[in-house]
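**Q** Starting from the structure of chain Z, add chain C where the hints point.
Protein chains in written order, with this note's numbering: chain Z, 1 to 74; chain C, 1 to 188.
Calculated directly from the structure, the hints in this document are not laboratory data.
A few of these clues could be false.
Just some of the chain Z residues that point at chain C, by a computed CB distance under 8 angstroms [said to hold, decoys possible]:
#1 I10
#2 V12
#3 T47
One side only, chain Z facing chain C, incomplete, derived with CB under 8 angstroms [to be verified]:
#4 R24
#5 V27
#6 N31
#7 I34
#8 A42
Here are the computed distance ranges between Cβ atoms for each label pair [to be verified]:
#9 L137/C with T37/Z: 47 to 55 angstroms
#10 T37/Z with T110/C: 38 to 46 angstroms
#11 L30/C with R53/Z: 18 to 26 angstroms
Note that this is a predicted model, so its numbers are computed, not measured.
Even glycine gets a Cβ: it sits at the ideal position worked out from N, Cα and C.
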Amino acid sequence: MAIRIQLDRILVERRMSLTELADRVGVTLANLSILKTGKARAVRFSTLDAMCRELDCQPGDILVWEPGPQAGED
Amino acid sequence: MALPTLPPLGLRAPRTLGPGSVSSLLKIALDVAYLILLLITGVLVLAFVAAIFLPLTGPLAGQTYIEGSGDAAREVPVTRTLILFGLGATAAYFGGFLMILRDLRAIFRTLIQGDPFQPGNVRRLRQIGLTLTVVTLGVATVQMLVPAIPNARLSELLTPLFAVMVVFVLAEVFKEGARLRSDAELTV
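The shape of chain Z in the complex, shown without the other chains (with noise of 0.2 angstroms):
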């Protein structure tokens, strides 16, 4: 996939867990683990938007670019 989420590492700088964070940002925990597991096909602005504000992080730490296969060619 070409687009890599990072959540893990902000969440360990944070140090706050994926359970605190889906409850800060108001989406579901399974939600927030297909973002994490990279299997998400988008994501909402108003979903970028509660994160980078519980994270205190610009959508750049959240989201990288790579060169690769485009997103959902699966």
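**A** Just chain C now, kept in the frame of chain Z:
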């Protein structure tokens, strides 16, 4: 300038299920048609099996029918082969519709569960289209093979072929629907 707003029509959109809704009427129609076809096909298959083993007696024994018309008309005796062919072809005809109804009921179940856009329904719709094609072509072939039955006119073939096209287009629409649904499911 603001456009004038239309007064409310006082109509409500039909609910998926519930008393008086389009869906519940359809469900009843599907269930009734399925039961009737199941009965007819069952009786025909039983008659087919009976015709293989039982001796040709009773009102059918020694009967004849007129084949062809005009100068070419001739009297042909009713044979066991003829009866088996007739029963088999009719059973296959109703069996085809039974298969279609089984698929339609399965599609309807997914609708009631609130999840009709799934790959399984794409497969079912394609199967319905294929069954309709086979039944239509089968009927046309029988009409050509058996001189006692008048051949199908082009207009009689066009209607079912149009239905086949509609079903295949719907299958493609459902395929896209299934893709959109899986996209929505994986949107965080």
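**Q** State for each hint whether it applies.
**A** Going through the hints against the structure:
no., hint, in the structure
1, I10, "violated, 16 angstroms"
2, V12, "violated, 20 angstroms"
3, T47, "holds, 5 angstroms"
4, R24, "violated, 14 angstroms"
5, V27, "holds, 6 angstroms"
6, N31, "holds, 5 angstroms"
7, I34, "holds, 6 angstroms"
8, A42, "holds, 4 angstroms"
9, L137/C with T37/Z: 47 to 55 angstroms, "holds, 49 angstroms"
10, T37/Z with T110/C: 38 to 46 angstroms, "violated, 28 angstroms"
11, L30/C with R53/Z: 18 to 26 angstroms, "violated, 51 angstroms"
Violation of the numbered hints given earlier is confined to hints 1, 2, 4, 10 and 11; the remaining hints are satisfied by the structure.
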